[in-house]
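**Q** So the protein sequences, as listed, match chains A and B.
Per this note's numbering, residue 103 is the first one in the first sequence, and the count goes up by one each step.
Per this note's numbering, residue 575 is the first one in the second sequence, and the count goes up by one each step.
A portion of the hints provided could be inaccurate.
[What the hints assert, rightly or not] In silico DSBU-like pairs for lysine-lysine, Cα to Cα no more than 30 Å straight-line:
#1 B:K589 - B:K641
#2 B:K641 - B:K838
#3 A:K175 - B:K780
#4 B:K641 - B:K780
#5 A:K429 - A:K448
#6 A:K152 - B:K780
[To be verified] From the derived model, a few chain A residues whose C-beta atoms are all more than 10 Å from chain B:
#7 D402
#8 R403
#9 V404
#10 D426
#11 K433
#12 A442
#13 L469
#14 K513
#15 S541
#16 T554
#17 S585
#18 D588
#19 G629
[Unchecked claim] Listed next, the stretches of chain B that the computed footprint assigns to chain A, with coverage defined by at least 3 CB atoms under 8 Å from CB atoms of chain A:
#20 613-620
#21 675-683
Quick caveat, the hints were computed from the structure, so don't treat them as lab data.
Remember, predicted model here, so these are calculated numbers, not experimental data.
All residues carry an ideal CB built from backbone N, CA and C; glycine is no exception.
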Amino acid sequence: MHFLVRKQTGRGSAEALETEYEGNRLTLGGAEGAMVQLPGLPGVVEITPKGADGASLRARGFRFELDGREVSKADLQQGVALELPGHRLELIAPPAGFDLALRLEATATAAVNYGGALELEQVIWSRRRSSWLLALLVLVLCLVVPAVVLFEPELGARLRSLPLPDDGMWSSGPLVAAHRTTGIGDDCQACHTEPFKMVQDEACLVCHREVNEHVDVTVHPAQHFSGERCASCHREHNEPQALVRRDRGLCVDCHAQPADWPDAEGMEAVSGFTEAAHPEFRLALLTPRGPGGVHGWQVDRVRALPETQRERSNLKFTHAVHMDVDKVQDKLSSEGLECASCHTLKDDGEHFEPVTMDAHCRSCHGLNFDSFEPELELPHGDLRAATVAMEAHFIREFTDPVLRQERAAKKPRRVPGKRDAAGSCEGSGLECGRREAMSEAGFQFAETGCVTCHEVTETGMQSIHDRWYVEPIKVTGDWYPHSSFDHSSHLSLAREQGRNVCETCHDASASDQAADILIPGRENCLGCHADNERVSAVDCVSCHVYHEAGATPALQARGHDTAYEPAGSGGE
Amino acid sequence: MRTGMLNWRNYRYGKWALLLGLFSIALYVSQGASPAQPPNGGTWQGYVLGTIGALLILWLSVLGVRKRSYSSSAGTVQGWTSAHIYLGSVLLAVATLHCAAQFGWNVHTLAYVLMCLVIFSGFYGLYVYVHLPDRVASNIVDRDRAAWLEELGKLDQRIRDVAAGSDAQLQGMVLSALELTRLGGNLFQQLRANDRSLVQEPGGGKPVSNAEQSVLIETLSRRIPDARKQSEAETLSELLSLFGRRQVILHLLRRDIRLKGLLKLWLYFHVPLTFALLAALLVHILSVFIYW
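Produce the complete structure using the sequences and hints provided.
**A** See below:
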């Protein structure tokens, strides 16, 4: 279609500028895409021919006044002028070759209008409006929406599963890796059970059921610990992470001034790890109750140098002999014994498996009791079983005619240090058997055999079963129960010490009595680990723990709230 | 340079801010390097720094109220502004020490970031307040914008009158240059002050750029030597001088729009961000205690 636009120019004169346009419709306006540029028009006007000599007009982006009403559409007729903002518009008869002709006249006065706002306020949201919007946005997204989890837990759970703002945005810092787990890491209320209330111990104890208090509250005054929450020490959401305190203050805040704790018996001042700042270690000495430990053993804590103390284990033994290669050799390799020949480290890296007769001694110290049958050995560890076994064996040997005959004909195998048993006997089988058993028992309990390692007391009674009492042996398994130690990490000393690495601290080769205490004292540790050594300084918690193994379980001490009981469990 | 609000009463508030900054650093350092509790907003020092920061934010926000209460006798606005600048700057240190520079994707860091945006937009505002007023004044030379616009209006009317005496082709060009002159516009057009004026050249086609009225001035000056009549030459000369003047005024107005825009624009960030910050601060404080 072809359009003709006649613009009236000048002031009231009949002069005009005519411009031709081509297209589906004629567009007028201030925007850059408009065919006819009409600065000052707030939007765009589209004119489409309609009928023989009419046209329809449509305004986009603004409305104009027609017959006293605000409209955006109008029909144009020839000879009828339409007033648009700043312009008068009128259809005129199109000359030949044109589909539509339009006359335009500017009606705006001399006031300058260059199609653009000159003030910032006209083109930007007011400060009040954007202030409200931003503040409300922050409140809704960061407070109102996340707060749903406080009031509607189910809705809150769904919120957390969706990429929507939830209470996770209230977190003040990352959790430690162990807490970043399902059910805790994604649920703030797993720990923060009540709004505006600090995290309660019950929340911790839901999972940490095995944790102990610091002390046995039945022995120590518990009130000193009652005000301390788990979270008083275990602070979450920290950077850097500090969930577990390893600092000296954890211990010395209280232990530096024992005078402040009059109830704490035996507490000595500790302010660090030097000779001045840390007391001598306290040995756990086993003391037999009753003669020979007949009523068991009790642990006495003695703060003293180990070399000044004696272990009362009832054992007869000497490390010096066993470690002398000229005196004792391994049966298979014929080489001297090593520490590890008898001592096996437990999985905890600190303690050792008990040394037992069967595993470690019997291969050399066999309990054979009849030189005619040297492969037969007495049972160990049960006095009655041993005497019964001897008696039964010899009675059988002399009562059964076939056995008695064979025995009389056999030559006994002579073993140095062992008694030669009788091959024949005058008398009944019972008499002979009992006599031989008693002879052998006397030898075993009083000369060689049991008496090699055990303290044996003769009671003076007649019966073979009651005549001797073998004192039980109790070897200390844990010399320092309130501290921990890692043997494996100290094996790095082997680089310098080689196979004698154990003897760096335990002078076993020089020990010729079982009662020697070979456990090192404070001095030995201070050599490397004293605060002022700067070689390998340690924290209190390198050797000690706060939640002592022998202390009261926290679940018991802190008044376990049944509300925290996991569903289905029946309580403590 | 207008630095009255900086050196007000011999830098009184600068000194206050310095003291507050030093106090905050001392407080932060007193937290020590305990492995049991690293420095952050949760120690008592952290709470104190946080309280100072929150009170500062509230007080700094009140400047907007004080500015509007013309009858207030609570200090001069200049004094308030000076304090606003210095205490606002030191807030950056107070808040950073409060949080021990620990950040994350949470509402607490949001509050911090909003605070930084407010403060840095304030720094920009300070820069423009110090440097731009002189440039505005030297640009607009003793007249206000309305006076320049009035002259431009008269100029355009005169151009229309004069152009009526020229041929239709030139008249069309002149009138289109008047009509297609662009001044101001949307935010970016106001601030960039690019001349987007157009002119419709004879022979139809799309209007072409008439930045700084150059097409018109060039056309007119080219045609003067070719004028066949004395009157035509006079008309052309007058049009040329009118367009020259028009070029000057339009250029000046564009600069004025740009400079005034820059003077005001930062407040459109500073103020709404302040309200967002106040909201985030509220959420920060509430949320910390909801999940204590």
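**Q** Next pair to validate is K641 of chain B with K838 of chain B; report whether the Cα-Cα distance is within 30 Å.
**A** 15 Å, holds
**Q** Quickly compare the C-alpha distance for K175 of chain A and K780 of chain B to 30 Å and report which way the hint goes.
**A** Holds: K175 of chain A and K780 of chain B sit about 27 Å apart, inside 30 Å.
**Q** Minimum Cβ separation between D588 of chain A and chain B greater than 10 Å?
**A** D588 of chain A is indeed farther than 10 Å from all Cβ atoms of chain B, at 21 Å.
**Q** Holds or violated: is the Cβ of L469 of chain A farther than 10 Å from all Cβ atoms of chain B?
**A** 57 Å, holds
**Q** Is it correct that the beta-carbon of T554 of chain A has no partner in chain B closer than or equal to 10 Å?
**A** Per Cβ check, T554 of chain A is outside 10 Å of chain B; nearest 55 Å; holds.
**Q** Take a quick look at V404 of chain A and tell me if its Cβ sits farther than 10 Å from every Cβ on chain B, holds or violated.
**A** 33 Å, holds
**Q** Far enough from chain B: is every CB of that chain over 10 Å from the CB of D402 of chain A?
**A** Correct as stated: the minimum Cβ-Cβ distance to chain B is 35 Å, above 10 Å.
**Q** D426 of chain A: least C-beta distance to chain B exceeds 10 Å?
**A** 50 Å, holds
**Q** With a cut-off of 30 Å on the C-alpha distance, tell me whether K641 of chain B and K780 of chain B pass.
**A** 50 Å, violated
**Q** Within 30 Å, alpha carbon to alpha carbon, are K589 of chain B and K641 of chain B?
**A** Roughly 23 Å between the alpha carbons, so the hint for K589 of chain B and K641 of chain B holds.
**Q** Over 10 Å from every CB of chain B: does A442 of chain A meet that, or does the non-interface label fail?
**A** Fine: 38 Å to the nearest Cβ keeps A442 of chain A off the interface.
**Q** Using Cβ atoms and 10 Å as the threshold, tell me whether G629 of chain A really stays out of contact range of chain B.
**A** 26 Å, holds
In summary, the one numbered hint that this structure violates is 4.
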